[in-house]
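*Asks:* Assemble the whole structure, with the sequences as input and the hints as a guide.
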Amino acid sequence: MAGVAGGGGVGGSNDFQWCFSQVKGAIDEDVAEADIISTVEFNYSGDLLATGDKGGRVVIFQREQESKSRPYSRGEYNVYSTFQSHEPEFDYLKSLEIEEKINKIRWLPQQNAAHFLLSTNDKTIKLWKISERDKRAEGYNLKDEDGRLRDPFRITALRVPILKPMDLMVEASPRRIFANAHTYHINSISVNSDHETYLSADDLRINLWHLEITDRSFNIVDIKPANMEELTEVITAAEFHPHHCNVFVYSSSKGTIRLCDMRSSALCDRHSKFFEEPEDPSSRSFFSEIISSISDVKFSHSGRYMMTRDYLSVKVWDLNMENRPVETYQVHEYLRSKLCSLYENDCIFDKFECCWNGSDSAIMTGSYNNFFRMFDRNTRRDVTLEASRESSKPRAVLKPRKVCTGGKRKKDEISVDSLDFNKKILHTAWHPMENIIAVAATNNLYIFQDKIN
Amino acid sequence: MAAALGTGGRGQEAGQEKQAMQHKDPIAPERAEELKLKAKYPNLAQKPGGSDFLMKRLQKGQKYFDSGDYNMAKAKMKNKQLPSAGPDKNLVTGDHIPTPQDLPQRKSSLVTSKLAGARSTSILIGP
Numbered sequence: 001m002a003g004v005a006g007g008g009g010v011g012g013s014n015d016f017q018w019c020f021s022q023v024k025g026a027i028d029e030d031v032a033e034a035d036i037i038s039t040v041e042f043n044y045s046g047d048l049l050a051t052g053d054k055g056g057r058v059v060i061f062q063r064e065q066e067s068k069s070r071p072y073s074r075g076e077y078n079v080y081s082t083f084q085s086h087e088p089e090f091d092y093l094k095s096l097e098i099e100e101k102i103n104k105i106r107w108l109p110q111q112n113a114a115h116f117l118l119s120t121n122d123k124t125i126k127l128w129k130i131s132e133r134d135k136r137a138e139g140y141n142l143k144d145e146d147g148r149l150r151d152p153f154r155i156t157a158l159r160v161p162i163l164k165p166m167d168l169m170v171e172a173s174p175r176r177i178f179a180n181a182h183t184y185h186i187n188s189i190s191v192n193s194d195h196e197t198y199l200s201a202d203d204l205r206i207n208l209w210h211l212e213i214t215d216r217s218f219n220i221v222d223i224k225p226a227n228m229e230e231l232t233e234v235i236t237a238a239e240f241h242p243h244h245c246n247v248f249v250y251s252s253s254k255g256t257i258r259l260c261d262m263r264s265s266a267l268c269d270r271h272s273k274f275f276e277e278p279e280d281p282s283s284r285s286f287f288s289e290i291i292s293s294i295s296d297v298k299f300s301h302s303g304r305y306m307m308t309r310d311y312l313s314v315k316v317w318d319l320n321m322e323n324r325p326v327e328t329y330q331v332h333e334y335l336r337s338k339l340c341s342l343y344e345n346d347c348i349f350d351k352f353e354c355c356w357n358g359s360d361s362a363i364m365t366g367s368y369n370n371f372f373r374m375f376d377r378n379t380r381r382d383v384t385l386e387a388s389r390e391s392s393k394p395r396a397v398l399k400p401r402k403v404c405t406g407g408k409r410k411k412d413e414i415s416v417d418s419l420d421f422n423k424k425i426l427h428t429a430w431h432p433m434e435n436i437i438a439v440a441a442t443n444n445l446y447i448f449q450d451k452i453n
Numbered sequence: 454m455a456a457a458l459g460t461g462g463r464g465q466e467a468g469q470e471k472q473a474m475q476h477k478d479p480i481a482p483e484r485a486e487e488l489k490l491k492a493k494y495p496n497l498a499q500k501p502g503g504s505d506f507l508m509k510r511l512q513k514g515q516k517y518f519d520s521g522d523y524n525m526a527k528a529k530m531k532n533k534q535l536p537s538a539g540p541d542k543n544l545v546t547g548d549h550i551p552t553p554q555d556l557p558q559r560k561s562s563l564v565t566s567k568l569a570g571a572r573s574t575s576i577l578i579g580p
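Residue numbers (the working numbering), protein chains in the order written: chain A, 1 to 453; chain B, 454 to 580.
Just so you know, these hints were derived from the structure itself, not from any lab. We treat Cβ as the ideally placed atom computed from N, Cα and C, and that holds for glycine. Treat the hints loosely; a few may be bogus.
With the C-beta cut set under 10 Å, the calculated list includes, among others, these residues of chain A facing chain B [to be verified]:
#, residue
1, G25
2, D53
3, V79
4, S95
5, E233
6, S285
7, I290
8, I291
9, K338
10, S341
11, F349
*Replies:* Right, here's the structure in full:
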């Protein structure tokens, strides 16, 4: 069956086949730094897909509705809105250059016709409102159709303006700017399940905000030591629990995760739970701590599990068990014997993200050479797929890839030394309900769908 | 490949180490890589996760400029051309006093993303 021969075989209880659907972005070999995608996120319904880039821009795609007139465009994502979210800044007081790169985008659950999202760079979080306008008022009394004011003395009759349909216009406007609350660089934002608050985390502190209040935020975690010489770890990611609005987790550069309960105390410096896998001291090396640094933490949709990504693996933790993960998946174990060169070219510090599918039965994360990996938690099957222009033919089923670690290289396999470490897939997203995935490959966004979809 | 329930990555490595010993090669891959690194950089600090390393991470974006130095250099060099920066214009620390010509231009950020542009390709899937 579809385990190896087909295009995947991972993604649920049935064997799915991942097919190419769309690719967005320029084809030029020369990639401008600003075009590098830095975050990808579906909204709660999966109808909208947002991307942020290093140039501070946000592009939102919307899924086309099925329609009889265009049967082939079922499920296609097209540009809905694009705007400049953040601009480069210079903090003169601290002599600090602030990049406009969008680190994270998080959608708010939809409450009315408009859509809201939070986008953040290293220092400032912004709440954006994206709304549609498809009607225009015509027949004003005091101004004519061009907008010029009419001479009031020439007006002899009164009329009631009428609303007339117009071409759809999608407008994005910044509704709140949450600034000046972070001394260090923001790595995460997470909207709370209460839909009123959210957290923002930097290297040493986590703040709690109310979505309506921009001039104050509450500090809930502070791991800055009194003497900076004693600094041993930093916060790498943080997230609110999907159902319990008092619970959040944060991960560290030492490979640990702390779960905090905001009911137990105002300042959550003391954790409620501490997740750490015991280490075999004899296997410790110079690289151990670096590769154990957690680059992403995500709760499962059920709220029962959480997943962490470190340099070489993805681990699933049961929130009820702190002493070790319940599942560990090797992403690219063959890199363990390349750590020296990966340290020299800084790749060892790459921050990969990870994501769950809607039913929590599968997880996905990226790798190098534009490869990404999917693991089925039930069948324990895994697959390596590639986001490339070569496999971008209509309805093309993705062929599984294999990296050969030594000895004889079979046909179609690629050897570890031939991997392109500049082609990294750091950001991926899975539609909340369907088997549609978005994969960011440097400056291109690939969308894949399963055939049966 | 997925490890069996309960085994971490380190467990697998210990297994590898045992196997390796049987083949008369006692060094685990991670350790071998460490030796390689130490051979290349003998002065490498012992604690990679220690505070120097983290401090570097926390100071990302820091630019160094002293207006006093700058003005003094300008005054001294009134009649001579100021030496221009080398190829790496982003590094304005050290002996070279930056001049306005050397500083990287602030990026003009009003270009639309190519993801939203006309050149993006979309390929339709059939029914």
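*Asks:* Hint by hint, note whether the structure agrees.
*Replies:* Here is what the structure says about each hint:
{"no.": "1", "hint": "G25", "in the structure": "holds (5 Å)"}
{"no.": "2", "hint": "D53", "in the structure": "holds (6 Å)"}
{"no.": "3", "hint": "V79", "in the structure": "holds (5 Å)"}
{"no.": "4", "hint": "S95", "in the structure": "holds (5 Å)"}
{"no.": "5", "hint": "E233", "in the structure": "holds (7 Å)"}
{"no.": "6", "hint": "S285", "in the structure": "holds (4 Å)"}
{"no.": "7", "hint": "I290", "in the structure": "holds (6 Å)"}
{"no.": "8", "hint": "I291", "in the structure": "holds (8 Å)"}
{"no.": "9", "hint": "K338", "in the structure": "holds (7 Å)"}
{"no.": "10", "hint": "S341", "in the structure": "holds (8 Å)"}
{"no.": "11", "hint": "F349", "in the structure": "holds (9 Å)"}
Against the hints set out earlier in the document, no violation occurs for any number.
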